[in-house]
Each structure stands twice: as structure tokens, then as C-alpha cells.
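Here the protein sequences come in this chain order: A and B.
Using the numbering used here, read the first sequence as starting at 417 and increasing by one per residue.
Using the numbering used here, read the second sequence as starting at 417 and increasing by one per residue.
What the hints contain is simulated information worked out from the structure, not anything from laboratory work.
Be aware that a few hints might be false.
Claimed, not checked - Pairs of lysine to any residue residues, derived as SDA-like cross-links and limited to a Cα-Cα distance of at most 25 Å, are as follows: (1) 476(B) - 457(A); (2) 476(A) - 454(B); (3) 476(B) - 534(A); (4) 476(A) - 566(B); (5) 476(A) - 534(B); (6) 476(A) - 506(A); (7) 476(B) - 531(A); (8) 476(B) - 532(A); (9) 476(A) - 538(A); (10) 476(B) - 536(B); (11) 476(A) - 452(B); (12) 476(A) - 545(B); (13) 476(B) - 452(A); (14) 476(A) - 447(B); (15) 476(A) - 531(B); (16) 476(A) - 456(B); (17) 476(A) - 459(A); (18) 476(B) - 454(A); (19) 476(B) - 456(A).
As the list claims (entries may be wrong) - So these bits of chain A aren't anywhere near chain B, every CB distance computed over 10 Å: (20) 425; (21) 431; (22) 434; (23) 436; (24) 457; (25) 476; (26) 536; (27) 549; (28) 572; (29) 579.
Said to hold, decoys possible - Pairwise CB distance ranges (calculated): (30) 574(B) - 471(A): 21 to 29 Å; (31) 543(B) - 573(A): 37 to 45 Å; (32) 553(B) - 611(A): 20 to 28 Å; (33) 430(B) - 430(A): 53 to 61 Å; (34) 573(B) - 430(A): 43 to 51 Å.
Glycine included, C-beta positions come from ideal geometry on N, C-alpha and C.
Given next are the chains, with one letter for each unit.
2 protein chains.
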Amino acid sequence: MSAVTSPLVWEHVQPAAARRLLTGAVDAFAERGYQATTTRDIASRAGMSPAALYVHYPSKERLLFEISLYGHNAALEVLRSADVGSTPADRLRSLVAAFTAWHAEHHTIARVVQYELAALTPEHLAEVAVIRRAISTQIEQVLADGVRDGSFAVSDLPGTTLAVLSLSIDVARWYTPHRGDPAALGQLYADLAHRMVQA
Amino acid sequence: MSAVTSPLVWEHVQPAAARRLLTGAVDAFAERGYQATTTRDIASRAGMSPAALYVHYPSKERLLFEISLYGHNAALEVLRSADVGSTPADRLRSLVAAFTAWHAEHHTIARVVQYELAALTPEHLAEVAVIRRAISTQIEQVLADGVRDGSFAVSDLPGTTLAVLSLSIDVARWYTPHRGDPAALGQLYADLAHRMVQA
DNA sequence: TGGTTGGCTAAGCGCTTGCTTAGCTTCACG
DNA sequence: CGTGAAGCTAAGCAAGCGCTTAGCCAACCA
Numbered sequence: 417m418s419a420v421t422s423p424l425v426w427e428h429v430q431p432a433a434a435r436r437l438l439t440g441a442v443d444a445f446a447e448r449g450y451q452a453t454t455t456r457d458i459a460s461r462a463g464m465s466p467a468a469l470y471v472h473y474p475s476k477e478r479l480l481f482e483i484s485l486y487g488h489n490a491a492l493e494v495l496r497s498a499d500v501g502s503t504p505a506d507r508l509r510s511l512v513a514a515f516t517a518w519h520a521e522h523h524t525i526a527r528v529v530q531y532e533l534a535a536l537t538p539e540h541l542a543e544v545a546v547i548r549r550a551i552s553t554q555i556e557q558v559l560a561d562g563v564r565d566g567s568f569a570v571s572d573l574p575g576t577t578l579a580v581l582s583l584s585i586d587v588a589r590w591y592t593p594h595r596g597d598p599a600a601l602g603q604l605y606a607d608l609a610h611r612m613v614q615a
Numbered sequence: 417m418s419a420v421t422s423p424l425v426w427e428h429v430q431p432a433a434a435r436r437l438l439t440g441a442v443d444a445f446a447e448r449g450y451q452a453t454t455t456r457d458i459a460s461r462a463g464m465s466p467a468a469l470y471v472h473y474p475s476k477e478r479l480l481f482e483i484s485l486y487g488h489n490a491a492l493e494v495l496r497s498a499d500v501g502s503t504p505a506d507r508l509r510s511l512v513a514a515f516t517a518w519h520a521e522h523h524t525i526a527r528v529v530q531y532e533l534a535a536l537t538p539e540h541l542a543e544v545a546v547i548r549r550a551i552s553t554q555i556e557q558v559l560a561d562g563v564r565d566g567s568f569a570v571s572d573l574p575g576t577t578l579a580v581l582s583l584s585i586d587v588a589r590w591y592t593p594h595r596g597d598p599a600a601l602g603q604l605y606a607d608l609a610h611r612m613v614q615a
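Can you build the whole structure from these sequences, using the hints too?
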């Protein structure tokens with residue numbers, strides 16, 4: 417099985433001040449939600465005055481969008497590189513283990529990704545919705561492959577796809593570091609998801 | 417199997433104006449979230465001036481608390497009356513079907529219940545946390561009973577309990593009426609949950 | 001060396017927020 | 001009929017919001 421988590425960093429964000437603002441925003445959005453977070457709070461987490469935020473980002477929503485877009489792409493990339501194995505069962509286990517572990521390991525980013533969509537502008541929401549469909553398709557495809565070769569028994573393919581995704585996504589809601597190792601959680605959930613669909 | 421959904425009404429809230437404010441608040445909180453909802457918005461949904469809200473509720477947070485408390489109690493009550501069946505498998509299927517259908521049928525209330533906890537005062541949060549533990553215990557007990565009589569094979573009881581709950585709770589995040597019948601969704605999820613744990 | 005640029009701050013603008021105040025109307029009840 | 005409570009509104013207050021403006025300073029370079 418592939419490495420279940422990868423270090424997610426923001427090194428691509430330059431300069432360093434913009435990165436500090438962004439990571440501060442991730443923490444604040446994850447803790448209190450987008451609406452309850454003030455630009456003054458974000459700026460002070462980065463050790464700057466409120467106005468400095470606008471040197472690097474044109475608006476608070478833009479900060480959210482950059483986090484959401486990057487987070488969605490990271491989640492999709494985790495799935496794409498975890499789609500390995502010679503059988504649908506192996507592939508599904510790898511996908512669920514990786515996706516679940518990512519939501520635990522990066523639960524602050526994941527929380528913003530999964531629960532702050534409503535704060536995006538319609539245009540920005542449409543952009544991340546494309547990635548969300550790709551994520552969903554990645555799971556649905558493996559389930560369909562398993563149904564075709566007879567290793568899975570699935571009565572409702574879209575419904576079961578959603579259920580498998582739900583299992584991992586909901587991790588972002590409740591996970592805190594003291595609740596255990598992300599990789600171990602990934603293994604448990606891989607097992608549960610496999611049992612949900614096996615013939 | 418028992419009735420999977422029950423009409424959830426607010427008749428116990430008196431007078432009618434207080435009830436209109438409360439149902440308006442449920443809709444607004446579910447749509448935009450607590451922080452993005454203004455007291456003016458709630459009042460105008462009830463056809464009243466902003467100040468009228470304070471005749472019936474001392475604060476916006478109190479409105480949230482009353483919704484959250486009632487919603488949590490309703491969810492627990494649904495579980496308690498669905499814990500029927502002669503085997504752990506039958507009981508689990510009934511519990512998951514009812515809990516899932518409730519989250520679909522009452523997805524606006526469920527959204528407030530599951531995703532607005534952070535806006536409660538520490539005291540009010542502690543009060544609903546008691547109910548949340550009872551909900552969790554209700555599922556865990558059935559799983560433990562199934563493990564004891566050998567009908568379930570569960571490697572991680574608390575982790576699997578959380579996973580079963582996650583499945584239903586996450587419904588509140590994505591469900592809209594056009595996504596199908598709550599009862600049918602309940603049956604699908606009951607089946608998936610049963611397969612997750614059966615020996 | 002003088003001028004430009006990038007990164008920052010102090011101050012504050014216009015607006016919205018949750019909530020309060022003062023006062024009006026309706027109606028049950030002695 | 002008189003009175004007080006219940007339920008409501010118009011107006012507005014203090015605080016906080018996202019964001020802007022004006023200007024400072026260090027680094028770089030023709």
C-alpha cells in the first residue's frame with residue numbers, strides 16, 4: 417500500500433508573509449468558521465497589522481478560496497495516487513485508507529474544504545465543485561469496476577459512493593490528534609468500506 | 417420496523433409568534449449558518465420588527481440553544497423508539513434506518529444540531545453534550561450486544577460506533593429533498609451499516 | 001546617489017451587528 | 001370604565017466589521 421499521508425505544506429505560497437497569513441487563516445477558519453473569523457484575527461496570527469492582509473490578498477473570501485482550492489486539489493491528488501492494487505477490493509481499501517487518513521492528518525484544512533463551501537462566491541464554488549465531482553468519480557469508478565467483475569455487490573451505486581465518501585469526510589468534523597493515529601483510522605475505515613460492498 | 421420518521425413540529429413553542437421566530441431561525445441557521453444569520457433576518461422571516469425577537473428570546477444564542485436542545489432530544493427519542501428487534505442485527509438495522517431517515521427528513525434541524533455546536537455557550541454546549549453521549553451509547557450498546565452473541569465481528573468498538581454514527585450524521589450535510597426518499601435512504605444505510613459489522 | 005518598488009502601519013471610513021429604549025396598541029378583568 | 005400586562009414598533013446606540021487611504025522605510029538598481 418502507498419504512503420497513506422503526505423506532508424502537506426504551503427511552500428508554494430510566496431512570500432513568507434503571505435504564507436503566514438494563509439496558515440493563520442486555515443487555523444482560524446477551522447476553529448471558528450469563516451464567518452466568525454475577522455481579518456484582524458487572521459492578521460494578528462501572522463504578526464501583522466490588519467491592513468497588511470490586503471497587500472497579499474484582495475479580500476477575506478479570496479483567502480478562503482485559495483485554501484479551499486488548494487485543499488481540494490490536495491485531496492484529489494491523494495486519491496489519484498492511492499488508486500493502486502490489482503483488484504477493485506485492494507484499490508478501494510487503498511483509496512479509503514488514504515482519503516480517511518488525509519482528513520485526519522489535515523483535519524484543519526479538511527474542515528475548511530468540507531464545511532465552508534457556502535462562504536465562497538458562486539464563481540469560486542463552481543471551480544471547486546469540478547474537483548469535488550472528480551473526487552466522487554474516483555470512488556464511484558472503483559465500485560463500478562468491482563460490480564462488473566463480481567467482487568462487489570452494490571444495490572445503489574451513487575448512494576453507496578456517497579456513503580463511502582461520507583465515512584471519510586465526516587472525520588474532519590470530529591477528529592482531533594488525541595483520537596488516534598490517522599493511518600490506523602485509515603485502515604479501520606478501509607476495512608469497514610470494503611465490508612459495505614463486498615459480494 | 418417502526419415508523420422511520422415522525423412529524424417534528426414545534427407546537428410546544430408558545431405563543432405562535434415565538435414559534436414563527438424559532439422556525440425562521442432554524443431555516444436561516446441551516447441555510448447560512450449561525451454566524452451569517454442576523455437577528456433582522458430572523459425577525460423578518462417571522463414578519464416582525466427586529467426588536468420583537470427580544471420579547472420572546474433574550475438573545476440570538478438562546479434561540480440557537482432552544483433549537484439545538486430540542487433537536488438533540490428529538491434525535492435521541494427517534495433512536496430510543498427504534499431500538500426494537502429480537503436480534504442485534506435487527507436492532508442495528510432499525511436504529512440506523514431511523515437515525516438516517518431523521519437526518520434526511522429533518523435536514524434543516526439536523527444541520528443546526530450537527531454543525532452549529534461551536535456557537536453555543538460553554539454551559540449550553542455541556543448540556544447538549546450529555547444528549548450526544550446518550551445517542552452514541554445507544555449505538556455502541558447494540559454493537560456490543562452483537563459482539564457478545566457472536567453475530568457481529570468488530571475489531572474497534574468505539575471507532576466502529578463513530579463510523580456508524582458518521583454515516584447518518586453526514587446526511588445532514590448533503591441531503592436535499594430532490595435526493596430521494598428519506599425512508600429509502602434509511603434502508604440503504606441500514607444495510608450498509610449491518611454489512612460493516614456482521615460476522 | 002536619486003528614484004522606484006515592495007511590504008508594512010496608523011488611522012479611520014462607511015456600514016452592519018446584537019441589542020436597548022421609549023412608547024404605542026390591544027385586550028382581559030376588577 | 002379603568003388599569004395593567006402582553007406584544008409589538010420606530011429609532012437608535014455602542015461596538016465591531018471588511019476594507020481603504022496616506023504615508024513610512026528598507027532594498028534594489030540605473
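Against the structure, the hints come out as follows:
1. 476(B) - 457(A): holds, 23 Å
2. 476(A) - 454(B): Between residue 476(A) and residue 454(B) the Cα gap is close to 20 Å, so the pair holds against 25 Å.
3. 476(B) - 534(A): holds, 21 Å
4. 476(A) - 566(B): Violated, at roughly 54 Å.
5. 476(A) - 534(B): At roughly 21 Å apart (the allowed maximum being 25 Å), residue 534(B) and residue 476(A) satisfy the hint.
6. 476(A) - 506(A): violated, 42 Å
7. 476(B) - 531(A): It holds: about 22 Å lies between the C-alpha atoms, which stays within 25 Å.
8. 476(B) - 532(A): holds, 22 Å
9. 476(A) - 538(A): Measuring from Cα to Cα gives roughly 15 Å; hence the hint holds.
10. 476(B) - 536(B): holds, 10 Å
11. 476(A) - 452(B): holds, 15 Å
12. 476(A) - 545(B): violated, 32 Å
13. 476(B) - 452(A): The given pair, whose Cα atoms are some 15 Å apart, holds under the 25 Å limit.
14. 476(A) - 447(B): Status holds; Cα separation ~21 Å.
15. 476(A) - 531(B): Roughly 22 Å separates the two Cα atoms, so the pair holds.
16. 476(A) - 456(B): Cα-Cα ~24 Å, so holds.
17. 476(A) - 459(A): Distance of about 11 Å is within 25 Å: holds.
18. 476(B) - 454(A): holds, 20 Å
19. 476(B) - 456(A): holds, 24 Å
20. 425: Label holds. Min Cβ-Cβ 27 Å, cutoff 10 Å.
21. 431: About 31 Å separates residue 431(A) from the closest Cβ of chain B, which puts it past 10 Å; holds.
22. 434: holds, 26 Å
23. 436: holds, 24 Å
24. 457: holds, 13 Å
25. 476: holds, 13 Å
26. 536: holds, 13 Å
27. 549: holds, 13 Å
28. 572: The claim is violated: residue 572(A) sits with its nearest Cβ about 6 Å from chain B, within 10 Å.
29. 579: violated, 5 Å
30. 574(B) - 471(A): 21 to 29 Å: Hint violated: Cβ distance 47 Å, outside 21 to 29 Å.
31. 543(B) - 573(A): 37 to 45 Å: Holds: the Cβ-Cβ distance is about 41 Å, inside 37 to 45 Å.
32. 553(B) - 611(A): 20 to 28 Å: holds, 23 Å
33. 430(B) - 430(A): 53 to 61 Å: holds, 60 Å
34. 573(B) - 430(A): 43 to 51 Å: holds, 47 Å
Figure legend: structure checked against the earlier numbered hints; hints not met, in rising order: 4, 6, 12, 28, 29 and 30.
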